[in-house]
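2 protein chains.
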Amino acid sequence: MASTTCAPAVSAQGEDAVVRRVAEVFERALGAAPAGEVWIGDDAAVVAAPAGRLVFATDAVVGGVHADLSLTGLDDLGWKALTATLSDIGAVGGRPGYAVVDFCVPPGTDLVLLATGVAEASAEWGCPVVGGDVTASSQVVVGAAATGVLEGDRPPVLRSGASPGDRLVVTGALGASAAGLRLLRAGARGPASAIAAHRRPRARLAEGLVARRAGATAMMDVSDGLGIDLHRLAEASGVGIALDTVPVADGATEEEAVGGGEDFELVIATPDPTRLAEAFAAAGLRPPIEIGRCTGDAAERTLWGRPLARAGFEHVLG
Amino acid sequence: MASTTCAPAVSAQGEDAVVRRVAEVFERALGAAPAGEVWIGDDAAVVAAPAGRLVFATDAVVGGVHADLSLTGLDDLGWKALTATLSDIGAVGGRPGYAVVDFCVPPGTDLVLLATGVAEASAEWGCPVVGGDVTASSQVVVGAAATGVLEGDRPPVLRSGASPGDRLVVTGALGASAAGLRLLRAGARGPASAIAAHRRPRARLAEGLVARRAGATAMMDVSDGLGIDLHRLAEASGVGIALDTVPVADGATEEEAVGGGEDFELVIATPDPTRLAEAFAAAGLRPPIEIGRCTGDAAERTLWGRPLARAGFEHVLG
Chain Y
1 MASTTCAPAV SAQGEDAVVR RVAEVFERAL GAAPAGEVWI GDDAAVVAAP AGRLVFATDA
61 VVGGVHADLS LTGLDDLGWK ALTATLSDIG AVGGRPGYAV VDFCVPPGTD LVLLATGVAE
121 ASAEWGCPVV GGDVTASSQV VVGAAATGVL EGDRPPVLRS GASPGDRLVV TGALGASAAG
181 LRLLRAGARG PASAIAAHRR PRARLAEGLV ARRAGATAMM DVSDGLGIDL HRLAEASGVG
241 IALDTVPVAD GATEEEAVGG GEDFELVIAT PDPTRLAEAF AAAGLRPPIE IGRCTGDAAE
301 RTLWGRPLAR AGFEHVLG
Chain E
1 MASTTCAPAV SAQGEDAVVR RVAEVFERAL GAAPAGEVWI GDDAAVVAAP AGRLVFATDA
61 VVGGVHADLS LTGLDDLGWK ALTATLSDIG AVGGRPGYAV VDFCVPPGTD LVLLATGVAE
121 ASAEWGCPVV GGDVTASSQV VVGAAATGVL EGDRPPVLRS GASPGDRLVV TGALGASAAG
181 LRLLRAGARG PASAIAAHRR PRARLAEGLV ARRAGATAMM DVSDGLGIDL HRLAEASGVG
241 IALDTVPVAD GATEEEAVGG GEDFELVIAT PDPTRLAEAF AAAGLRPPIE IGRCTGDAAE
301 RTLWGRPLAR AGFEHVLG
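Line by line, the protein sequences are chains Y and E.
All residue numbers for the first sequence refer to our numbering, where the first residue is 1 and numbers rise by one.
All residue numbers for the second sequence refer to our numbering, where the first residue is 1 and numbers rise by one.
Rather than coming from a laboratory, the hints here were simulated on the basis of the structure.
Heads up, none of these hints are tricks.
Just so you have them, the derived chain Y footprint on chain E, three or more residues with Cβ under 8 Å:
hint, stretch
1, 34-46
2, 59-71
3, 130-138
4, 151-165
Computed list of chain E residues with no C-beta within reach of chain Y, every gap over 10 Å:
hint, residue
5, Gly126
6, Ala192
7, Gly238
8, Ala242
9, Asp244
10, Asp272
11, Ala277
12, Gly292
13, Ala298
Beta carbons: idealized from backbone N, C-alpha and C, even for Gly.
With the rest of the complex left out, here is chain Y:
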């Protein structure tokens, strides 16, 4: 955990001591580096090269923007940061490799709790955290970058590969994260599954790997909401979208399912949904859920024949 810093050294809780405590969190979760690799503790990590093409992604989560820290824990924020990034790796058909994490925290933040959530995600998804940075800031920001590997010769599954006639499926019902947030705000009366989905979202890594092998033509994760993310897939592919249904998660509303975001289910285009369903079944995965199809009218965006709102979450940056 090397760092470029500008705050005067004054305290026993200075950077080096804190970095050691954070490093211990990751070593407890993941063990030490194998022989020949360098993980946390030097200027940079050195690890084995991927046996295939290199996949690379990053996401940052911000306390107060991506999570209400009065409702969920710092560990949940840490979990979400790494899980969101690994979801992006999986959404092109990649397998996670290694992660590095930037922790930007106000003085007094429970950095060990924050790192514990990252370490739990790291262990869950099999992606060692091999380095990072700790820096002072006025707001909690966790930036998680991860490498991955794209195995074999097949191309990655991009947003741009869908063709008219392809069927669209999702890997699970939607809206659970938004429902969980609503339930937490109301004092948490409702399905525990929704609250868990909000606090500890799952990355659909196995689904992404299987979908790539089973001939998916386009894929992305539903991070900002199906409404907005499907517009992105349609624009990238130059196809229209006609949805017949949107599967609604337990406890969620239809509006949350269309526009909720942060579910991290995958939306997949395929010319052969039966082959995809069989591959999912063979891998022991939940059945993919058909929601509609890609059309040749690139301007079409419909749900039950009515216009599909560009619904979801965008940062306002202008």
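Since the structure of chain Y is provided, determine the placement of chain E on it from the hints.
Here is chain E on its own, set in the frame of chain Y:
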């Protein structure tokens, strides 16, 4: 530039529009992805695997912490973020590969200017920015993660490899960045070199590659100040440090040279400083500057025989 977000979409300056403008900045600086690679625009980037071991590092810079944005530009902050990370790649003897960048910005921030500084560093150091994330925050934070390649079979040059008797050298005079900040605060009367060193620090990438090939035993970049960074190298290697001199940059004070930080010169341990100097000369690099030696008394930290203060910059996080 995929993103997990929680702010309602309301504006023409929403995330997608801003991400497109940022992507254009990087495409102008670096051109489009070569055939078979996926850069900015999908869930994750897909690039060639490194021809050697994978090096991986990250650094975050925070407006108001790592830079006074009333004295230096957002482009300078962006430059510093990526340069600091690539300095870490170089400090183990790696060559930069690819970068991903998180931009966390308050509404109204000139994100194009911020990205332009990152793109300029990206072009300067030959490290394409292939992805990233844009998110809202209350303070400007730029997190830059980069891969690199460690070529050949030689081990990386870590902080922990120095032995008693090794000579210590630095790749340049120190204190320029701190002097530049002092001069900017005073209205910028003084050497332009110091101000440039503060606004646009250099990563000593060629020096790191040559030092590894020329038998360096330990290496790190001087990011937090020679005083504190040499303590770290000595602790990692289990050696003492006895310095004879500290080269002071034009316009800097001796205190700034010892404790200033952010110079990003490399400090290198080697049993054969003549071989190192010859290798630097053969590569057309500035001569390394001998500053002292490693000793067998692991508790020793001296400069001209007097105790070397643990001087430098640590974030206060407790």
